[in-house]
Amino acid sequence: AQTVTQSQPEMSVQEAETVTLSCTYDTSENNYYLFWYKQPPSRQMILVIRQEAYKQQNATENRFSVNFQKAAKSFSLKISDSQLGDTAMYFCAFRASGAGSYQLTFGKGTKLSVIP
Amino acid sequence: EADIYQTPRYLVIGTGKKITLECSQTMGHDKMYWYQQDPGMELHLIHYSYGVNSTEKGDLSSESTVSRIRTEHFPLTLESARPSHTSQYLCASRPGAGGYTFGSGTRLTVV
Numbered sequence: 001a002q003t004v005t006q007s008q009p010e011m012s013v014q015e016a017e018t019v020t021l022s023c024t025y026d027t028s029e030n031n032y033y034l035f036w037y038k039q040p041p042s043r044q045m046i047l048v049i050r051q052e053a054y055k056q057q058n059a060t061e062n063r064f065s066v067n068f069q070k071a072a073k074s075f076s077l078k079i080s081d082s083q084l085g086d087t088a089m090y091f092c093a094f095r096a097s098g099a100g101s102y103q104l105t106f107g108k109g110t111k112l113s114v115i116p
Numbered sequence: 001e002a003d004i005y006q007t008p009r010y011l012v013i014g015t016g017k018k019i020t021l022e023c024s025q026t027m028g029h030d031k032m033y034w035y036q037q038d039p040g041m042e043l044h045l046i047h048y049s050y051g052v053n054s055t056e057k058g059d060l061s062s063e064s065t066v067s068r069i070r071t072e073h074f075p076l077t078l079e080s081a082r083p084s085h086t087s088q089y090l091c092a093s094r095p096g097a098g099g100y101t102f103g104s105g106t107r108l109t110v111v
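Those sequence lines, one after another, are chains A and B. Mind the numbering: the first sequence is residues 1 to 116 in the numbering used here, read in order. Mind the numbering: the second sequence is residues 1 to 111 in the numbering used here, read in order.
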C-alpha cells in the first residue's frame, strides 16, 4: 500500500514571495505518477502539476515547479511570486501506473495562506 | 469551466431519508470515482468504476451504493442517511492514462 505524507498542516507566505510545500511518499512501485492538487475554499479541486516517476526532469507549470527526488521519495512543490489567488488547500497525491492502478492516494493537505 | 458536474452543491436532509448525489461528465472518460472528504482532511476513495456496468468499492468502507448505466453518469445513493454520513463527496473522472478531473463536490449535512 502507498502512503503520502504532508508534514506541514498550515503555511503562510507574503504576496510575491516564494514558498515550498513538502511531500514524501512510501511505495514499492517503480513506475508511478505524482500530483499536486489545489482546492480553493469552497471551490473545485484542480490539478496544479504532475510528474511521471520515470522522468528525471522536474515538472514546471508557470510559477509552479516541483523538486522530485525519487531515491528519497520526496516531491515538494515550489510556488514562486505567490499571489492571493494561490490561497488554498494543497494536496499531494500518488498513483501507481501498473495495470489495476485505480486510485489516487492523497496526503492530508497543507493549508496555504497568501498574505497581502 | 468544469466538464464534470455534481448536483446538488449543498444538501441538508433528515435522518432516514434516501438521497442520490448526481455526477455527470461530458469528456467521455471511462474511469470515474467517488471520494469522501471531511473538512480539512484528505480524500478517501469510496467507489470507482472502469466503465459501464463496472463498479467497485474503494478503500474506505461506505454504506453508499453507486451505479454506472451510462458512461457519462455515475450517481451515488444513500438508502437511509445518518448524521455520520455528513461530509463532502467529490466525484472525479479520468481518461486511460491522464490526470483526474474533479467536480465541485456535494456538501452533505444529515440532521
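Keep in mind the hints are simulated off the structure, nothing from the lab. Be a bit skeptical, because a hint or two may be false.
Reference excerpt, derived from the structure (chain A facing chain B, CB under 10 Å, subset only) [as the list claims (entries may be wrong)]:
1) V4
2) P9
3) Y32
4) Y33
5) Q39
6) R43
7) I46
8) L47
9) F68
10) K70
11) M89
12) A93
13) T105
14) G107
15) K108
16) K111
Selected chain A positions facing chain B (in silico; Cβ < 10 Å) [to be verified]:
17) S7
18) Q8
19) F35
20) R95
Once the Cα atoms are required to be at most 20 Å apart in a straight line, the calculated EDC-like pairs of lysine to aspartate or glutamate come out as [said to hold, decoys possible]:
21) K108(A) / E42(B)
22) K111(A) / D38(B)
23) K108(A) / E79(B)
24) K111(A) / E79(B)
25) K17(B) / E56(B)
26) K78(A) / E29(A)
27) K108(A) / D26(A)
28) K18(B) / E63(B)
29) K108(A) / E63(B)
Ideal placement from N, C-alpha and C gives every residue a C-beta, glycine not left out.
Against the structure, the hints come out as follows:
1. V4: Constraint on V4(A) satisfied, holds at 8 Å.
2. P9: Where the cut-off is 10 Å and the nearest Cβ of chain B is about 8 Å from P9(A), the hint holds.
3. Y32: violated, 12 Å
4. Y33: holds, 8 Å
5. Q39: Holds. Min distance 8 Å.
6. R43: holds, 7 Å
7. I46: holds, 7 Å
8. L47: At about 5 Å, which falls below the 10 Å cut-off, the nearest Cβ of chain B leaves the hint on L47(A) intact, so it holds.
9. F68: At about 16 Å, which exceeds the 10 Å cut-off, the nearest Cβ of chain B leaves the hint on F68(A) violated.
10. K70: Nearest chain B Cβ about 19 Å off; hint violated.
11. M89: It holds, given that the least Cβ distance between M89(A) and chain B is near 8 Å, below 10 Å.
12. A93: holds, 8 Å
13. T105: Status holds, d = 8 Å.
14. G107: Hint holds; G107(A) Cβ to chain B Cβ min 6 Å, cut 10 Å.
15. K108: This hint holds: K108(A) lies near chain B, its Cβ roughly 5 Å from the closest one there, short of 10 Å.
16. K111: holds, 7 Å
17. S7: At about 13 Å, which exceeds the 10 Å cut-off, the nearest Cβ of chain B leaves the hint on S7(A) violated.
18. Q8: violated, 13 Å
19. F35: F35(A) check passes; min Cβ-Cβ to chain B is 7 Å, inside 10 Å.
20. R95: holds, 9 Å
21. K108(A) / E42(B): holds, 4 Å
22. K111(A) / D38(B): This hinted pair holds, its Cα atoms lying about 14 Å apart.
23. K108(A) / E79(B): This hinted pair is violated, its Cα atoms lying about 29 Å apart.
24. K111(A) / E79(B): violated, 34 Å
25. K17(B) / E56(B): violated, 24 Å
26. K78(A) / E29(A): violated, 25 Å
27. K108(A) / D26(A): holds, 14 Å
28. K18(B) / E63(B): It holds: about 12 Å lies between the C-alpha atoms, which stays within 20 Å.
29. K108(A) / E63(B): violated, 23 Å
When held up to the earlier numbered hints, the structure conflicts with 3, 9, 10, 17, 18, 23, 24, 25, 26, 29 and fits the remainder.
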